[in-house]
Amino acid sequence: MSAPGSPRLVRDVVETVTGFARTLRHSGVHASPDRVQAMVRAIGELDVLDPSHVYWSGRLTLCASHDDVARYDAAFAAFFAGEAPRQVRTSGQPRQRLLASASLGIDNADGDDSGEQPPDLAVAASGEEILRHRDIGQLTPAEREQLQRLFALLIPNPPLRRSRRRTPASRGTVHVARTVRRALHNGGEIVSMSRRTARKRPRRVVALLDVSGSMSPYADALMRFAHALTRAHAGTEVFTLGTRLTRVTREMRLRDPDKALTASGAAIPDWSGGTRLGEVLKAFLDRWGQRGVARGAVVILASDGWERGDPDLLAEQMSRLHRLAHRVIWVNPHKGRTGYEPLTRGMTAALPYVDSFVSGHSLAAFEELAKEIADA
Amino acid sequence: MGAWHARYVSAGTSWSSPEQLREALEATGYLADEGIATAAYLALAMGRPLFTEGEAGVGKTALATSVAEATGRPLYRLQCYEGLEASQALYDWDFPRQMLHLRAAEAAGLTDDPDKLEASLYDRRFLVARPLLQALEDSPSVLLIDEIDRADDEFEAFLLEMLSDFTISIPEIGTIRAITPPLVVLTSNRTREVHDALKRRCLYHWLDHPTYDREVAILRTRLPQITAQLAADVARATGRLRQADLLKPPGVAEAMDWATALHVLGAREIDPERAAATLGAVLKYREDGDRVKTLGLSALLSG
Chain Z
1154 MSAPGSPRLV RDVVETVTGF ARTLRHSGVH ASPDRVQAMV RAIGELDVLD PSHVYWSGRL
1214 TLCASHDDVA RYDAAFAAFF AGEAPRQVRT SGQPRQRLLA SASLGIDNAD GDDSGEQPPD
1274 LAVAASGEEI LRHRDIGQLT PAEREQLQRL FALLIPNPPL RRSRRRTPAS RGTVHVARTV
1334 RRALHNGGEI VSMSRRTARK RPRRVVALLD VSGSMSPYAD ALMRFAHALT RAHAGTEVFT
1394 LGTRLTRVTR EMRLRDPDKA LTASGAAIPD WSGGTRLGEV LKAFLDRWGQ RGVARGAVVI
1454 LASDGWERGD PDLLAEQMSR LHRLAHRVIW VNPHKGRTGY EPLTRGMTAA LPYVDSFVSG
1514 HSLAAFEELA KEIADA
Chain S
2 MGAWHARYVS AGTSWSSPEQ LREALEATGY LADEGIATAA YLALAMGRPL FTEGEAGVGK
62 TALATSVAEA TGRPLYRLQC YEGLEASQAL YDWDFPRQML HLRAAEAAGL TDDPDKLEAS
122 LYDRRFLVAR PLLQALEDSP SVLLIDEIDR ADDEFEAFLL EMLSDFTISI PEIGTIRAIT
182 PPLVVLTSNR TREVHDALKR RCLYHWLDHP TYDREVAILR TRLPQITAQL AADVARATGR
242 LRQADLLKPP GVAEAMDWAT ALHVLGAREI DPERAAATLG AVLKYREDGD RVKTLGLSAL
302 LSG
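So the sequences go chain by chain: Z and S. Position in the first sequence counted from 1, then plus 1153, gives you this note's numbering. Position in the second sequence counted from 1, then plus 1, gives you this note's numbering.
Hints were generated in silico from the structure; no laboratory data involved. Just so it is clear, the structure is predicted and the values come from calculations on it, not from any experiment. Ideal placement from N, C-alpha and C gives every residue a C-beta, glycine not left out. Just so you know, nobody snuck in bad clues.
Result set (EDC-like, lysine to aspartate or glutamate): computed pairs, CA atoms no more than 16 Å apart in a straight line:
1) Lys1353/Z / Glu83/S
2) Lys1488/Z / Glu1521/Z
3) Lys1353/Z / Asp153/S
4) Lys1353/Z / Asp154/S
5) Lys249/S / Asp1439/Z
Beyond 12 Å from chain Z on every Cβ pair, some chain S residues (computed):
6) Thr66
7) Glu70
8) Pro132
9) Asp139
10) Thr212
11) His264
12) Thr295
Using the sequences plus the hints, can you model the full thing?
Next up, the structure:
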């Protein structure tokens, strides 16, 4: 199929499409070269002078998900209305820096001891074993850095479930096709029965992390734990909760924990803001959970239960979550403190729907959490 | 591309624009908007699979059946589920028949040439074709791979070879290739994210709920027995239900069920009493029903 028009026009089309793809990439759509090629081909099949044909040929080939569609619409309007492709990401930059500082504990509300102690002294004083049990919220930047290295060694085992897919085994139901196939090798004599049994598959783990201000001393550790989970098992989904819901699964898949955390930080617009747990949980269940993400999954909800919204809504959504999920594990860093009682309004509302309530204030507590997940 | 395009025209489906395809789909009772028509047109013209996503009941599956009807191609449907295996999706050997054949050959004393005997065992007649192979052999066809998100990622890997060059390799026979690539429509309800490698080979289309006017038209076309007033009422009420923050917003399929239910009860237009009695056709969660009752049914139905 030859593209319409003169060679000059063809070159213009390719140039324009490439320029548009660049704009699109800046707005966060992964318009890979093969997709761009597909768009050029699609335009060749349609009328290049008809704006709606151009719109649809791009939307059908360059987008890969519903989230892409809105970004595509914005980029299309901007590009073809005559605005030159901009080096966007300007709004992303300050957030990135915010996370970098948050992960070092400089901006934290309770991190007031950070600047005062000389870092190298702190490293010398704290042995690895003591560090494992220390409350993450009260660490110096240097201790934090050492702890981050320990986090990298944490490899959580995914929980398992019986799959519908079956695998040859020495016991189980008879595998007729295999038995007969083997019999054919022996001239039609059935010498032995082949059997098969259900295979074990990793159960999905969903991490919902509260990144509001009251959780900020622990957010970095939680994100690192979520990263370790994502690395250990590809089906893991990670969301952050604050004043809104953000899916950071894609960012968390980056191999390097620091890069993954920086990328996630850039994606989270409500870092260290307030919490509206009930509403955000509802958004999660509507958009993702009920469709299948939470179905039969092990859901980890990390929050201190400070709810600014309506606790009844939270209770309602927790009961929904509990009905969908295989197991709901609530991680509350404050639980590790002596004399802690779950008295916050959000926590009291949610507790009836929680299968296990654990602390997540130290590396040792995270190791316990990892075990809790593997046994779920 | 050029040679293939000639075959595509000779197959009798020579639409030269999405608009013409839209008209052909309309003749089968499927009212496509510009996006759907362009998506289907490009999928046919470029020989690329079409990956459709959207809420349940917006007409993803119906698109495949209508394109099959409009093009006069046979439709092959593969419903996905977890644990779906190649032997259920691609092909399987008919082992019992092979065994019988072997026994019959023995009885007739034809076992002196083992190579020939073995070759006769892997003959095409002992191969059971499943939907994917059927779609390639019965070319040109429409292949609907429904709810791909329900299958596991092992199955997606099976699909990659088939979707990129429309061939299936069978070790004992060889490679089976479609003369004309089938139109492949994949649907997903987004219960999980499908792998990028699969999406990259496809055109992507997100289906939205139809606009009010289009929904009225769909109801009138699909349900010619209902009154124009009832169609308009149901479309308006369904549109409002979609805005009402429900657990499961109703799709076009639910709107059609609702209109049918009202029609069966003898309604010529919507009224609160009959609407309350038939609400189960459009809302599938108890919480949603309760919510609509507290919001007030009459507000929902008012013109």
